[in-house]
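Participant: These protein sequence lines map, in sequence, to chains A and B. Using my numbering, the first residue of the first sequence is number 1, and each one after it goes up by one. Using my numbering, the first residue of the second sequence is number 1, and each one after it goes up by one.
Simulated from the structure, these hints should not be mistaken for lab results. None of these values were measured; they are calculated from a predicted model. In this text, a Cβ means the ideal position worked out from N, Cα and C, and glycines have one as well. This list has only true hints and no planted wrong ones.
Pulled a few chain B residues facing chain A out of the computed Cβ check, cut under 8 Å:
id: 1; residue: 113
id: 2; residue: 114
id: 3; residue: 116
id: 4; residue: 117
id: 5; residue: 138
id: 6; residue: 139
id: 7; residue: 172
id: 8; residue: 176
id: 9; residue: 180
id: 10; residue: 182
id: 11; residue: 183
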Amino acid sequence: MIQRLEDLFHRSRELPGDVDTLEWLKANCDDTALRAEVLLLLKAHANASLQDGHAAKRQSAPEAIPDGTFGPYRPVALLGRGGMSTVYRAVRRVGSFEQTVALKVMAPFLAEGEFRRRFETEIRLLAQLQHPNIARFLDGGISSSGQPYLATELIEGERFDTYCDHRNLSIGARIRLLLQVSEAVDYAHRNLIVHRDLKPANILIDGQGVAKLLDFGMATMLASEAQQTVTRARMLTPRYASPEQLRGERAGTAADIFSMGVILYELLTGAWPYGDPASMAAGLERAAGAEPAPPQAVVTPEAAAARGAEPRQLARMLKGDLTAIVLKALDHDPARRYATVREMAADLDRYLQGQPVSARRQSFSYRAARFLQRNRRRVAAAATAAFLIGAAGIYSGVQHEREQRRLAQLRNLDQTFLNEVYHEVSRLPGASRVSLMIAERVKNSLDALFAESPSDPKTRAALAAAYIQLAEIQGEPFHISLGDSGAAIENYGRAAALLDGIQSSSDETKGLWLRSQLGIAGLKVRSGAYSDAAAIVAGAIEVARRLAAAAPKLEINGQPSAYWHVRAYVLLGHAQLRGADVTRDVQGVRRALQTFETALAISTETSLAATSGSVQQYIAYAYQLLGDFTGEAQYQEKALEAHRSAMESARADYLSKPTPQRQRDYADRLIDYGWAQHVCHRSGAIPTLRDALEEMKAVAGSNPQSEELRLDVANGYARLGAAEVATNRVRPGLTHLRQAREAIHLPASIRPSDRELVVLFARVQESLAAGLKRQGALFEASRALDQAIAAVEVGPSVPGWRIAQLREEKAALSAR
Amino acid sequence: MGALPQDLTERLRRWGSGDGAVLNDIVAAAYNELHAIAAAYLRRENRLHTLQATALVNELYIRLARVRQARFIDRQHFYTFTAHLMRLVLIDHARRSKAAKRHGGAAFIPLHDELAWIDAAGEDMIALDHALDQLQAEDERKARVIELRYFLGCTNEETAELLGVSRPTVDRDLEFAKAWLYRRLRS
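Excised from the complex, chain A in its bound form:
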């Protein structure tokens, strides 16, 4: 019955205006009683809405001004009404003139109990507060009608947040206003007064643009020790209250810092850190310990417009320093927030000055420290294991027993330290510093064991596994590794030597061997020994194929065997592509392209979605080279498409599960994509490159030990600078190119072993020369080309055509 009723109710409400409801009902319902009920409901609906409206109006109706006086003050107008008090404009006759004040009158029931004593103490403290950013306290007492009141300087001003929004104030201007507020709060804290209810409604900006803080001492007056938790919690404004206040604990200065954090967050983004402030669920989840959303993630076009910026621009501004500051202030743990408001203000000031902020430095060391803290037991266990392995080599004993013991230790090391700890570490921002420590500690222990050339296959395999892990930490190319390829090759070599002869024993051993071979091949490609690399991979591919077919479920370093099969092909293609680049061999590029297509086919067939993105990147490189060598635009267009899809899949990966490595990969693909856009004369190239560089700098900033990332950043600068120079933005272009060159550090420390670096350096020099030439600095341009030539001439694979090309450019310069 109710379903029928509801259906008719909704349908008759949705009738077009020209349809008569009564007629329609008659036509659609032959039950007279039901029809009557529908009509009554419709009427009820209209009346209910009407009454809601009346109630809303009643609430906003002006309220009577009390007749009496409060001490010497007589209220004349209502200014506002809070949870427990009402504020009036009030006057006091002093001699021949009237003094106007803000008069806060509290509910009479407050005056009960020990309130009076607290009130008087607080008034004495408030009377001492004299600060340009605090509304001056004048007087306080309890009226003859028993109502406590406070008189303060009357501030004619606008609420902090609406003031900012009405004027579309920029981020900088908002921060400067907040700095005034923080001065006031800092001053009060130093006078041992905590505000406990900081919120935009308590901050007014007067006609001169001066921030004035209101209501100091109120929260303290209203909540006594004796009062229960719940009462105290109810007094506050949950939106700005710290977690400790929400828990009903007594709040110290750290609570004010938290509230400042919420205010800052809202000033910057226009949003509450924990979602919709009106939502009950958001409130509950926040009380349950939800983390604030990253400020750049909540930017809306409206909020950006109110701050005079584009959404992307605003998001970029918020990323990094400001995020670090806001999140430090909003830490759940009061001890991890800024220790004083002054420190927070100093960071905001540093941000305005463009200097590095302390929140960021500290958050890095904090994360590292926290990692060690959280994993103290595991780190200690691993360190002990590493020590024991070394020690075992010194104490002699029964050979067999010793090997058994060592095996156990090695396994412990492999599992505990290198697997769990390292993988844990590598997901953290700032992982590289911890990696370095791990690598150094482990290496000595492993070497001692290696020196004894153990005979037991299991020990050999375990030791090899440990060496491989170590080598990957040290030198895996295109990862957040330490970039120590020499040491890495050596350790891969040791692993391979240990595995030689025991290779056939199991699939796991084969997997290890494969890892070591591909590791070496990758580093060979990196050093420019392309034919060596191709030969090594060619030997490994067959093993990889058989392993993928025979043991599809086998996981090698957390990846299925098919992944390693794909990876072998990618490496082979990479070696072929680089080799073809040296001799400008179009057929060689086509061969590499075929190899990559094989890799893509395997990865599609085995649904390794994650790897197909990286294969796309290589396919794009191949097309790019084909385009360069043949001069045909269609190849560059194909490269652009492939780079786009590689970038998009990296972005999806990164967004689905953000890790530093995925962020790096995304930034890397974005650089490539931006460059491809530039090559194809697309308009978005420079903004893309700029975004990519920012992204890469963000990863590098939190992993300062990673050499690989330093070069990734250099590559970002180099591409951006080159694109700028080529499109007549010579000045910024040259600046960026110089930053790239600075990051590369060549030629003073020329490292012929790192071909990528050399190629990058030469490219930077060439673009610099182009920019300098445009500026008319022909001599400097020629010098830059000399350095490029000198760099390219070094190394095992010297591209003759490239040198010839650079020489031609130089000759053209000299001719001018």
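For chain A, the structure is supplied; the task is to place chain B on it using the hints.
Facilitator: Same frame as chain A, but now just chain B:
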């Protein structure tokens, strides 16, 4: 007013893991606590504009959060439970203050902006309780929607999510239920 009693903790957990019959026990046990909260709220100021459900629940949460195991209760259960509890609490409060009110005590406190014609501290609440029971017998979900929306302060989206229905369904439920309640209480 401390943490919830130990036996309540256990019952909350059983209820969370699907033992629906425990709910009545829980209500009985949590009742005094909640009642104290609600009463303090309604007493606090005789000119409260509307019942601040969010702040009320904030307090409720503080208590429930002390029961660590409460975390094991899934969201949906937690919220529907709390909403229903809130209704019982407010209605009981209204019942007790009926006498005081008749002597010209407290002022009118609208239950919610969208149910501003209902006095949260007055006799309306008793009539509302009966009407909601009736509604619940006819269409259980509509009563839940009213509880979540007006007794707990959920948004329409949250209500939809918690009940596993679409937002337009909640909108329509509310339109109908509000009219239906007005018809029962006022005409």
